[in-house]
Amino acid sequence: MISEEKHVTPYPVYAKVLTGLLVLTAITILVPWINLTAATVLIALLIASTKAGIVLTYFMHLKMEIMLFRILVIMVLLIYLSVILLTFSDYMFR
Amino acid sequence: MDHIEMPRDDAGAKLGMWIFIFTEILLFGGLFLVYAVMRHRYSEDFHLASQQLNTFIGALNTAVLLVSSMTVAMSITAIQKKNKKMATLFLVITLLCAGIFLVDKYFEWGHKISLSLYPGTDLMDSLRYGYILFFSLYFFMTGLHLLHLVIGAVILTVALVKVRLGLINDENFVLLENGGLYWHLVDLIWIFLFPLLYLVT
Chain X
1 MISEEKHVTP YPVYAKVLTG LLVLTAITIL VPWINLTAAT VLIALLIAST
51 KAGIVLTYFM HLKMEIMLFR ILVIMVLLIY LSVILLTFSD YMFR
Chain Z
95 MDHIEMPRDD AGAKLGMWIF IFTEILLFGG LFLVYAVMRH RYSEDFHLAS
145 QQLNTFIGAL NTAVLLVSSM TVAMSITAIQ KKNKKMATLF LVITLLCAGI
195 FLVDKYFEWG HKISLSLYPG TDLMDSLRYG YILFFSLYFF MTGLHLLHLV
245 IGAVILTVAL VKVRLGLIND ENFVLLENGG LYWHLVDLIW IFLFPLLYLV
295 T
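These protein sequence lines are chains X and Z, in that order. Residue numbering for the first sequence follows our numbering, starting at 1 and increasing by one per position. Residue numbering for the second sequence follows our numbering, starting at 95 and increasing by one per position.
Don't take every hint at face value.
[Stated by the list, open to error] Result set (DSS-like, lysine-lysine): computed pairs, CA atoms no more than 30 Å apart in a straight line:
1) Z/Lys178 x X/Lys16
2) X/Lys63 x X/Lys16
3) X/Lys16 x Z/Lys256
4) Z/Lys206 x X/Lys63
5) Z/Lys256 x Z/Lys199
Calculated directly from the structure, the hints in this document are not laboratory data. Because the structure is a prediction, the values reported are computed rather than measured.
Make a model of the complete structure from these sequences and hints.
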């Protein structure tokens, strides 16, 4: 039986992570009001990606897991990124 | 009679859940891609249509799911610390958050439906194509997300029962971990859905 889980994440760590996530959410909502530019979508996506990264790293324990999980997640995100790039490189030139 | 210890592979179980999560990422990712392309094509219609959405409820739902992600992660810490009471409490709060999300969705969708703003109505068919696209994507994506949320809540309810029965404990909590991972996925999807659908400017 594989017994891992030496890493017990303390409650305050999770609370701090939540605080950071809520702050980022607030920023996401306020950005469109401040600056009605085309960059709003890009900024919103960047903030969302940061939030996702934080959820993956801390809530989903990627930081504490073995390297394999991190590599797999990065691989899948790269695959997805490739699909996006291929789709848009086709679509943009129609 | 001796209790026979079945061989377990917790790392394998967790890996299995991660692989499943990868398929879900690609599923919703594909939908986001459809949304992105259509938004690019019908930017004005999408912009106008998205103003029909209630940003406040959307933001509230985002906050609720983020809190529920924290509480489910905390329930895992609690069970590792052999604190059955806290684990139960955190799971209950997580499920309450799910309930709040459901209620919010009920009001949101209910409002749209009462205005006949959903796919298939005469009103919807009379609108511009970009509008129709936006609302079709809106209902499909939030609906699919809602389905995942309900499934996640069911899994966590099963985990809660097992915690109470002592079947999930500090030596065997992989079900709770995997349920938590699935729940975080539900949160992740919404983290992207919210700005894409509600904050399109």
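Evaluated hints:
{"no.": "1", "hint": "Z/Lys178 x X/Lys16", "result": "holds, 23 Å"}
{"no.": "2", "hint": "X/Lys63 x X/Lys16", "result": "holds, 15 Å"}
{"no.": "3", "hint": "X/Lys16 x Z/Lys256", "result": "holds, 29 Å"}
{"no.": "4", "hint": "Z/Lys206 x X/Lys63", "result": "violated, 41 Å"}
{"no.": "5", "hint": "Z/Lys256 x Z/Lys199", "result": "holds, 29 Å"}
Violation of the numbered hints given earlier is confined to hint 4; every other hint is satisfied by the structure.
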